[in-house]
Each structure stands twice: as structure tokens, then as C-alpha cells.
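K.L.:
Using the sequences provided together with the hints, build the complete structure.
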Amino acid sequence: MEMTRLLHLICGILVLLLRFSVVKADDPYRFFTWTVTYGTIAPLGVPQQVILINGQFPGPRLDCVTNDNIVLNLINKLDEPFLLTWNGIKQRKNSWQDGVLGTNCPIPPNKNYTYIFQPKDQIGSYTYFPSTAMHRASGGFGAINVYSRSVIPIPYPTPAGEFTLLIGDWHKTNHKTLQRTLDSGRALPFPDGILINGQIHTTFSGDQGKTYKFRISNVGLSTSFNFRIQGHKMKVVEVEGSHVMQNVYDSIDVHVGQSLAVLVTLDQAPKDYYIVASTRFTRRVLTSTAVLHYSNSHTPVSGPVPAAPRLQFHWSMQQARTFRWNLTANAARPNPQGSYHYGRITRSRTIVLSNSAPLINGKQRYAVNSVSYINPDTPLKLADYFNIPGVFSTNSIESTPTLGSAHIATSLMPASLHEFIEVIFQNDENTMQAWHLDGYDFWVVGFGSGKWSSARRRSYNLVDAPTRHTTQVYPKSWTAILVSLDNQGMWNLRSSMWSRQYLGQQFYLKVWTPVKSLANEYNIPSNVLLCGRAKRGF
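Quick note on numbering: the sequence shown equals residues -25 to -1, 1 to 513 in mature numbering (1 follows the signal peptide of the UniProt record, and there is no 0).
A portion of the hints provided could be inaccurate.
As the list claims (entries may be wrong) - With a straight-line cut-off of 30 Å between C-alpha atoms, the simulated DSSO-like cross-links for lysine-lysine are: (1) LYS147 / LYS185; (2) LYS510 / LYS485; (3) LYS52 / LYS151; (4) LYS485 / LYS451; (5) LYS52 / LYS491; (6) LYS52 / LYS147; (7) LYS147 / LYS95; (8) LYS246 / LYS210; (9) LYS151 / LYS86; (10) LYS95 / LYS485; (11) LYS86 / LYS485; (12) LYS86 / LYS147; (13) LYS151 / LYS491; (14) LYS185 / LYS246; (15) LYS491 / LYS68; (16) LYS210 / LYS95; (17) LYS485 / LYS426; (18) LYS151 / LYS426; (19) LYS68 / LYS86; (20) LYS510 / LYS86; (21) LYS185 / LYS151; (22) LYS338 / LYS426; (23) LYS451 / LYS338; (24) LYS208 / LYS147; (25) LYS491 / LYS510; (26) LYS147 / LYS338; (27) LYS485 / LYS68; (28) LYS95 / LYS491; (29) LYS68 / LYS510; (30) LYS95 / LYS68; (31) LYS210 / LYS185.
What the hints assert, rightly or not - Here are the simulated distance ranges between beta carbons: (32) LYS147 / GLU394: 41 to 47 Å; (33) ASP96 / GLY365: 35 to 41 Å; (34) TYR131 / ARG432: 31 to 37 Å; (35) ALA494 / VAL438: 29 to 35 Å; (36) THR133 / PRO245: 19 to 25 Å; (37) ARG431 / GLU394: 19 to 25 Å; (38) SER371 / ASP2: 18 to 24 Å; (39) GLN243 / ASP461: 21 to 27 Å.
Please keep in mind that the hints were generated in silico from the structure rather than gathered at the bench.
Ideal Cβ placement from N, Cα and C applies to all residues, glycine included.
P.N.:
Structure follows, in C-alpha cells:
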């Protein structure tokens, strides 16, 4: 508690010191204090322990404007270490604030840590969630909405209002029990339901004739969902920070870890309508409904719940190809998004990443290029900074799939600052995949069935592919992305399916240059937490 009071005092002093500069500056500071606790609620009708932030499930929505400086004091009142990660916030030059176990020591029980970060040159819909253990299965997640500055016009009329929808699969089982299941070498059971903003029944209200923005995020553990609104069309306007061509859809597939925003005009008769999310590509379909209520409606929701598309992977892949960058729209900075011609840049190298589900020592694990990641006792970022030997090796994972048997290691792949690389996610399994890269967004230039080969480049979109931080990979298929490695640091590349991440389908990308400069990366924070060998000596 003394440390908490001290940090509150420091924050107060900072407020006073910065008050004048905040008024004058373009990049104001926003201060938050979040307390993480357990609570008991019944999202699926059965009382269960969940993780609350400031007493809320889901956690508080973090609203900010691009380039705001976020100072967020996180107090851990759980009985085990805890971290939050900022899904899609690029943390420019600042992987120290990434909030994953490869870069940060977890916050011990009854301790706190103050994150200081900036959504630099970003706009759009993002999320945060716990990165430690299986905490994500019990809550602790929430929305991050990054707005454009007032001088940057958005490429559509200002909506009458907006709604944030956090949608995901949910288990009635406690996260510690789910973790023990994985530790024992067994797969997680099928989810028990789908929640929309932590509930199975909720209502969103608007006025007839007006247009509203719906920010939709998949915060689940493992399952894609299809989203639709009875009797209404949806115009997609933003995908993870990219303004996209404003195509109209009856329903949209959203994969684990992804976010997007749609405009919906309430142009139907004044009554109530179903909002529907249902699992995709699962043998048993779970469905959750909410209500879109017209403010002048006196008629409750009725009729059949609108069905999801009957077609599966091919339909979904075709839809994914229709998400295209709006090259005439402004981005977070006042310049056209299309001014960066990614398709004309020479690739420095190609990395092919193949996921697999091996048994290692008789237990279920997941791997990338035959390496199943395990967390060391010391974060890789600290080991790298303090030159602590024996924590990781730079040749611990190959950049192409290997034929050898899978093994456990603390896998890290080196890369040079300002490389421009091609990454192929090759999925030879008969399951859906989703991949996320911290610290970056990337151009999703191609999807295809079967094995990738260099000839597949002829099908790439090298003109107006959207930038994303999470991409899906369909069963027995591949996805290709292009990445400009312009953000120095230690960055987590992982499966968004959290049981796969927990059991090893991840590694770290060390983006490095021998030139030491604050223009490339910020210094180690003065409040950094130390653990493992960084705390007790090398």
C-alpha cells in the first residue's frame, strides 16, 4: 500500500508539472488507476469466479485520442501474478510496456505497476486482456477505442452514437481448472456459450433513421464467430486501425483476437431486432443474441433468429479478400494511407511458419516450426538488456519448417531493424488458426488453400491490402503478410487461440540494430519490475 500511495503522489506531481504543457501540447496525458480483483457473477446462469477490473466485467473501456500518453497504474489484488497486454497498440520504440512474459515481469499479488504508453499514430478498435496463465478465460479483458484528432476527418458522416461489443466463447469452468487441464496434457473442453459484453442478454438502443457505429471484437479463447443483425445491412468502415473500402455485408466472420467497426442505419420498421453471434467452423454451433431496440418501438423481437452462412471456409476466405484499404482516406496522421507503397518494396527475406500439435513427453503441446515455446524464469527483454547468459539462444528456431521431432525451447528469432519481410503462415492442420504480432501491424496480402509456394505471390494484393495486427489462417491453407520491421524491441508472435499460446505456439522476434539511439528505442523504465536472474543476480 505504501508503494501505491507513493505512485499516486508521483502521478499527482506529474499532473501539476505537466498541466501547463498539456494545455499547450498536442499529446496530452491521461491517468488511470485500475484495480484487479476476483468477483462472483453468473454470465451463463451458474455462479463462477471471474476477474474484475475496478469491479467491472468486462473491464473499463479505455477511450483515448491518437498520440495520447496513457499512464495506467495497475494494482493486482489477485492471489497470483498478473499482466495486461494491449492487443494491437503498437508500443512504438517501447516493448518495455508490452505486458507479456517475454518482456515484463508479472505484477506480484498485492503489488502494482504503472504502464506508460502511447497509441502513436493509431486510430481504431482494439482490446486489452490478461497475458498471464489462463486468466483470459476468467475475464480481465476490455476495449480500447482510439479516436482521430479533431483536425483529421473520418471518411464517413459522424455517427449518431456508437456501441462497443466484446464477443467471445466462454467456459463455466474456473481458469485455474482449465489451466490444470492443459498442464495435464489434455485439450480444453468445448466452450459452454457465447457472451456479448459479458452477458447472454443485452440491449442496444437507437433512434429510427439514424446511423450508429458498432465496434466488434472477438475476445474469446478459441472460436471464430459470425456476426449479423436481423433485417439490417452492415457497412464495414474500419479494420484494426485501417479505414477500408465501405462494402456492405449481411454477416461478417470475426476471428479470435480481431476487431472491426461497422455502420448500421436503423432504416427498418420501428420494432426490436436480433443481434446475433454464433460460432463458426464448429461441429456444435453456439449462438448468443442481443437486441437492437428502436427508441420508438413497442414491438418486442420476433421471428426466427437469422441464420449464419451455410458455406464455410471458402465463403469466409472470399469475404476476407474483400477487406481492402481505403487509399483516399486519412489515417491517424493527415496524409493519405496509400502514400506508403508497400507492394513496391523489395523483400529482404521470407519466413515460413508452420503450426503443429505434437505430443511431447506424452502430453499435448503446440509448436511453431517444431519448437514449442516455454517461458524462462527471466523475461527475454531483461536478459537481453542485462546480458544475462543462458536465458535464450538466437538460433533456437528456424525460419522455415523443419522435419525433426518437436521439442521444447525458449524460442527467439533475430531480425534487423528496418527489414521488410514476408511471413507465410502455413497451416497443415485441419483446424482454424489465428496469429498475432505484438508491436506491429502488417499487410495481409494473400490467402490460399493447400501448400504455399513462391508461385502464389502472383495472387497477392500489392495495392490496397489492409493492415492488421491479427490474421486468420484457414484449415489446410496459408496466409501471407508483409511486415516493415521499423519498431525495435522484443516482440511476441503468437497464436491468438489462448490454449495453443499457453502450450507453446508462440516465439519472440528480436528486432535489433547495433546503433543505440532513443530514436530507435526508449530506455528501460525507471519503475521496471525485476524477477528471476535479473533480480537475484546472474
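K.L.:
Look at each hint and say if it fits the structure.
P.N.:
Now for the hints, and whether the structure bears them out:
no.: 1; hint: LYS147 / LYS185; result: violated (38 Å)
no.: 2; hint: LYS510 / LYS485; result: holds (22 Å)
no.: 3; hint: LYS52 / LYS151; result: holds (16 Å)
no.: 4; hint: LYS485 / LYS451; result: holds (29 Å)
no.: 5; hint: LYS52 / LYS491; result: violated (38 Å)
no.: 6; hint: LYS52 / LYS147; result: holds (22 Å)
no.: 7; hint: LYS147 / LYS95; result: violated (38 Å)
no.: 8; hint: LYS246 / LYS210; result: holds (21 Å)
no.: 9; hint: LYS151 / LYS86; result: holds (21 Å)
no.: 10; hint: LYS95 / LYS485; result: holds (21 Å)
no.: 11; hint: LYS86 / LYS485; result: holds (29 Å)
no.: 12; hint: LYS86 / LYS147; result: holds (28 Å)
no.: 13; hint: LYS151 / LYS491; result: violated (42 Å)
no.: 14; hint: LYS185 / LYS246; result: holds (14 Å)
no.: 15; hint: LYS491 / LYS68; result: holds (12 Å)
no.: 16; hint: LYS210 / LYS95; result: holds (27 Å)
no.: 17; hint: LYS485 / LYS426; result: holds (27 Å)
no.: 18; hint: LYS151 / LYS426; result: violated (38 Å)
no.: 19; hint: LYS68 / LYS86; result: holds (26 Å)
no.: 20; hint: LYS510 / LYS86; result: holds (16 Å)
no.: 21; hint: LYS185 / LYS151; result: violated (45 Å)
no.: 22; hint: LYS338 / LYS426; result: holds (28 Å)
no.: 23; hint: LYS451 / LYS338; result: holds (24 Å)
no.: 24; hint: LYS208 / LYS147; result: violated (33 Å)
no.: 25; hint: LYS491 / LYS510; result: holds (24 Å)
no.: 26; hint: LYS147 / LYS338; result: holds (24 Å)
no.: 27; hint: LYS485 / LYS68; result: holds (13 Å)
no.: 28; hint: LYS95 / LYS491; result: holds (21 Å)
no.: 29; hint: LYS68 / LYS510; result: holds (24 Å)
no.: 30; hint: LYS95 / LYS68; result: holds (10 Å)
no.: 31; hint: LYS210 / LYS185; result: holds (14 Å)
no.: 32; hint: LYS147 / GLU394: 41 to 47 Å; result: holds (45 Å)
no.: 33; hint: ASP96 / GLY365: 35 to 41 Å; result: holds (38 Å)
no.: 34; hint: TYR131 / ARG432: 31 to 37 Å; result: holds (33 Å)
no.: 35; hint: ALA494 / VAL438: 29 to 35 Å; result: holds (31 Å)
no.: 36; hint: THR133 / PRO245: 19 to 25 Å; result: holds (23 Å)
no.: 37; hint: ARG431 / GLU394: 19 to 25 Å; result: holds (21 Å)
no.: 38; hint: SER371 / ASP2: 18 to 24 Å; result: violated (38 Å)
no.: 39; hint: GLN243 / ASP461: 21 to 27 Å; result: violated (46 Å)
Hints 1, 5, 7, 13, 18, 21, 24, 38, 39 from the earlier list are contradicted by this structure; the remaining hints agree with it.
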